[in-house]
Amino acid sequence: MADSKDFIAGVDSNAKKAPRRIVFITRRTSAQVKAETEDQIQTFPEVLFRATVVIEVLAVLLVWIALIFNAPLEGLADPSHTPNPAKAPWYFLGLQEMLHYFPPVVAGVLVPGLVVMALIVIPYFKVNIEAEGLFSKDREGRLRIFYIVAVLLSIFLVWFHVIVALVPTLIIVALMILAAQSSAQSPSGFRRYLAARPLSYWVMTWFLFELVVLTAVGTFFRGPGWSWIWPWQS
Amino acid sequence: MAKTVDQFFDEVRETRVWRSIFRSGTGSSTLHRALTIQQNVFLHLLSTKVRTRMLTFSATWYLGTLTLGTFLILVATGIPLMFYYHPSVPQAYADTKDLQFVVSSGLFLRNLHRWSAHAMVFLVFAHMFKVFYRGAYRTPREFNWVIGVVLLLVTLLLSYTGYLLPWDQLAFWAITVGSNIASAVPLIGNKIHFLLLGGNAVNANALLRFYVLHCMILPLTALLFVGVHFWRIRKDGGLYAHSSEPSIVPAQAGEKPTSRNSGETLRPGSGQAWGTPNPSKEAQ
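Chains A and B, in that order, are what the protein sequence lines are. Number 207 in the numbering used here belongs to position 207 of the first sequence; there are no gaps in the numbering. Number 1216 in the numbering used here belongs to position 216 of the second sequence; there are no gaps in the numbering.
Hints in this document: simulated from the structure, not taken from any laboratory. Just to be clear, a hint being listed does not mean it is correct.
What the hints assert, rightly or not - Here are the simulated BS3-like cross-link-like pairs (lysine-lysine), alpha carbons at most 30 Å apart as the crow flies:
#1 B/K1130 / A/K87
#2 A/K87 / B/K1235
#3 B/K1191 / A/K87
#4 B/K1235 / B/K1130
#5 B/K1049 / B/K1235
#6 A/K137 / B/K1130
#7 B/K1130 / B/K1049
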């Protein structure tokens, strides 16, 4: 015989589906309203106040920087006198660093184009939805694919002498091997963390690492003729 | 009779003029606070309530708010800079020199604009990576992520077009190096390069084009997309709350779902799902 507790209300959190509201009605009960006990706070004034404070702190910080450091201003633009090296703005120096190794159509068009495309499709390919560790299922098979990709990528980078990009790649590969050797039962917290990282995490972290390293190298370590210099040499 | 500041503001808010400007009325009840957001054309982009735990610093690092902050500073400093600037060769360079040495606070304005621009590019990247690592691009927030990617590109273009405006050696050669990349596009590369610069090399036409893009077209584009970006946060259910942080307690007293962050135990058909009667009890 059904009593008033003949079902359990829960939250369906299947992340692959868009959220849906379901009302279910049983005999002798009214429609069940699932109440969330999540604490909420009013946007006005609480959240707006915090946002204002955050923006003001930022403004104070930037004003201090603007008072202390002057923006660079060099001589009048002179098309007949090329500075060596001629550098793009800092956020494009990762690209300029790649232009040093690859033909412009690859480094300047193909790679940034693919990066932007990859960023746009991230949410549509159910990337990282289940957030399972990369090697938690089908370990042998995935490990084999991973080794093939890692070796091919490394050979490719060595072939074009891109040591600057090879070093971050090898560090990420080493961490991924460590992740493959770890599991949820590993004694060290760091290894448990690595073991739980999904593929998308590794790809994005590799991209972030390369972005930071290439940009830093282009900014601080490149001198005349795009030769390697140390930041303290000038 | 002495009046407190609060009383004074209360009286101002009761005036006919104030009431005619702000539709939300007066009072500090929850309703009125909600109406303050809802009845304001700018604030209505935001939701009236926010999950309390989204206010903790670790949830977002306030990177989106900080990016908005840099954008506001850039607009506020950019407009006075425009008053002193002619986008022509070589007057542009002379104007920049004047800003450095002649105009009152010109040096400060230019410094603040420049450093805020660098900060904005950095913060936009940081915001993107933070959103990715939190998984906040998931359904139904896919399209807001795409708008975010568009805003990243608009920010880079804003910074890049602004880079040329001082018309010094640094600006000229940075834009020359950057725009040469456009020539590498197969088949139509040279056409794009020409369209971008208004010529085959960086010259006075390029300066004018970059000025128009930098001061009008790109800021308006950014503003439009920022508006949609904010509005979509509200429409998509507020800031993404991390599923690994349990927060939702079942209203029904008694049994708790064994797992809150995976669909495993709650999958329809598994018997413990929403609205599916418990088969063991049904059998009774």
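Quiz item: Which hint numbers doesn't this structure obey?
Solution: 2
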